[in-house]
Amino acid sequence: MIQIYAVGVNTFREAIRNRIFASLVMFAIAMLLLTLAVSSASLHEEVRLMKDLGLFLVSTFSVLIAIFIGVNLLYKEIERKTIYTIMPKPIHRAQFLLGKFAGLAWTMAVQVAVMGLVLALQFWLLDARFGVEMVQAVWLAYMEVVVMVAVALLFSSFSTPFLSGLLTFGVFAVGRFVDRLATLKLGDPSERTETHEQISAVIRGVAKVWPDLSLYNVTPNVVHGAPVTWSFVGSATLYGLSYAAVILLCACVVFQRRDFI
Amino acid sequence: MSAHPALTVDGLVKTFDLGFLGALPGFGWLAARLGVKGIAHRVHAVQGVTLSVEPGEIYGFLGPNGAGKTTTMKMLMGLIHPTAGTGTLLGRPLGDREARARLGFLPEHPYFYDHLKPQEFLEFYGQLFRLGARERRDRARALIDRVGLGYAADRPLRRFSKGMIQRIGIAQALINDPDLVVLDEPMSGLDPMGRKDVRDIIFELKQRGKTVFFSSHILQDVEMICDRVGMVVRGKVVSEGPLHALLDMPSHRIEIVLGDIDDAVVERLAADAPTPTRVGTQWRFAVESEAEVGAFVRDAIAAGARLVSVTPQRRSLEEVFVARAQEGDAR
Ligand SMILES: Nc1ncnc2c1ncn2[C@@H]1O[C@H](COP(=O)(O)OP(=O)(O)O)[C@@H](O)[C@H]1O
Ligand SMILES: [Mg+2]
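Chains as they are written, first to last, in this note's numbering: chain A, 9 to 269; chain B, 14 to 344.
Okay, chain A solo, but in the shape it has when bound (with noise of 0.2 Å):
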């Protein structure tokens, strides 16, 4: 366990070392521009702008910045060769791994808490409701992160950062619209043939076992006033807590079998 937390501290300190931070203030600056444009709209209308974009904002911000990171976290281990005298240490090769995640998440909880603190001061600076609803859909965000932390993690333990990056861009980008794609049918409904439902099954099949970003959006709900509730944070979170955790399981058997040369 100590050896999980020593590498995790030591990711975390590198992270904010490197000043990985200093993203935050251009996040800062966007928001300060986005409250600017937004003013001349009217009172209604503003809230619920600051609402939808800023919301976006920190969760897209935040992704980007984590699946950043994360190719390139193993990459720079072996890459720097860091790495060579790690493993020759009594660590297992997925303690390292798991340590390498921790610290990526504390580090990404840390930016998008501060992202979620900004926004608060935002709406006080426009004198509106910074509510639990809020609060709810900012954890979200943090969760949507946590499995794309994992999921680079995934690509990064066999392939360049750049190679990661696409993928698991390309997982984050489908994975927000994925819902759409488990109930798919192809076709007119008139005119539906055995290959369109072929292809639809398996559309919905791959759909089934992508991750499911869409739950980690709440926006909606939190603009038109629709109460989010307890038990869908929570379920969305024990979701994203245990896709992660599959994701990390795959990532060391594959981690466990490479050469580091």
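Treat the hints as calculated values from the structure; they're not laboratory data.
Any given hint could turn out to be false.
[Stated by the list, open to error] In silico DSS-like links for lysine-lysine, alpha-carbon gap of 25 Å or less:
1. B:Lys249 with B:Lys209
2. B:Lys175 with A:Lys84
3. B:Lys130 with A:Lys89
4. A:Lys89 with B:Lys175
5. A:Lys216 with A:Lys193
6. B:Lys209 with B:Lys219
7. B:Lys175 with B:Lys130
8. B:Lys130 with A:Lys84
Using the hints provided, position chain B with the ligands relative to the given structure of chain A.
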């Protein structure tokens, strides 16, 4: 002392599959079988290395660049999976955790987490050995002094020079007070002072009963401190034993320098010792074996020459490498 060897290498083989398709499982083998080139090819980096290191020994793993030293060590350290063969560390199979807890390793051309300062770095590694907070701190501090980096304690590793990195690398290999220390080219990149420091550290480890297994391609690094060496050329161990046994090979030359001789005598003596060379007012001859020395010197003195010196020429490691490689080709 324990009964088992500190380290054994038993028929280790590593074949790298390279090329566009080489990385696919089985493809390298197939391409080699079919004689296909270009899309996949193989590199036989290590071709059956076997050796064993006794407890308390300093063992030099010698060989020219590209001989397979690093690859062998990486297999021992669990960084790459052997194609075939096995080994033991401290009497336990490769990958065993308890053995690793008593192992120290310095890779070739090391690089470390450059955002850390020396103390932070060593304490982090101490955590990986589950050392307590106090022990980590004390050991890290002592090692930083031991490798002569006390003056750089406040700098992050990214501002370290090559030689400083090598020193902190040795410190990290010793953070767990290991019984077996494996060092890959520990003297590379160091100036003469640094080389001496490393030699001293290795020797000190031996005096404390530790076993050291280190690689080098430079004779001076090994001749002063090694108990035994194993020489690897092109992925195979070509000889193993005390260093002098490798260097004083049967056909070693003996150099004889003579003064006060005229050209006629030089010409006559050259019949026994071909290609003499002029050095100032003196002449240098070389005979091929000890047995010839007596007769040659008697002849020379009888001819009125003044004997300046007789020096056996040890072969340089490079010469031995070349000779061994040629023997290997002939076989
Ligand atoms: N990752 C690798 N891929 C392909 N060939 C390699 C790799 N690593 C080493 N080799 C080859 O294996 C041989 C042995 O290399 P190495 O073990 O580094 O030798 P040494 O440490 O004795 O200089 C060399 O021919 C080298 O080119
Ligand atoms: Mg080498």
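Okay, the hints, checked on the actual structure:
no. : hint                   : in the structure
1   : B:Lys249 with B:Lys209 : 30 Å, violated
2   : B:Lys175 with A:Lys84  : 19 Å, holds
3   : B:Lys130 with A:Lys89  : 18 Å, holds
4   : A:Lys89 with B:Lys175  : 15 Å, holds
5   : A:Lys216 with A:Lys193 : 14 Å, holds
6   : B:Lys209 with B:Lys219 : 15 Å, holds
7   : B:Lys175 with B:Lys130 : 15 Å, holds
8   : B:Lys130 with A:Lys84  : 19 Å, holds
Consistency with the previously given hints fails for number 1 only.
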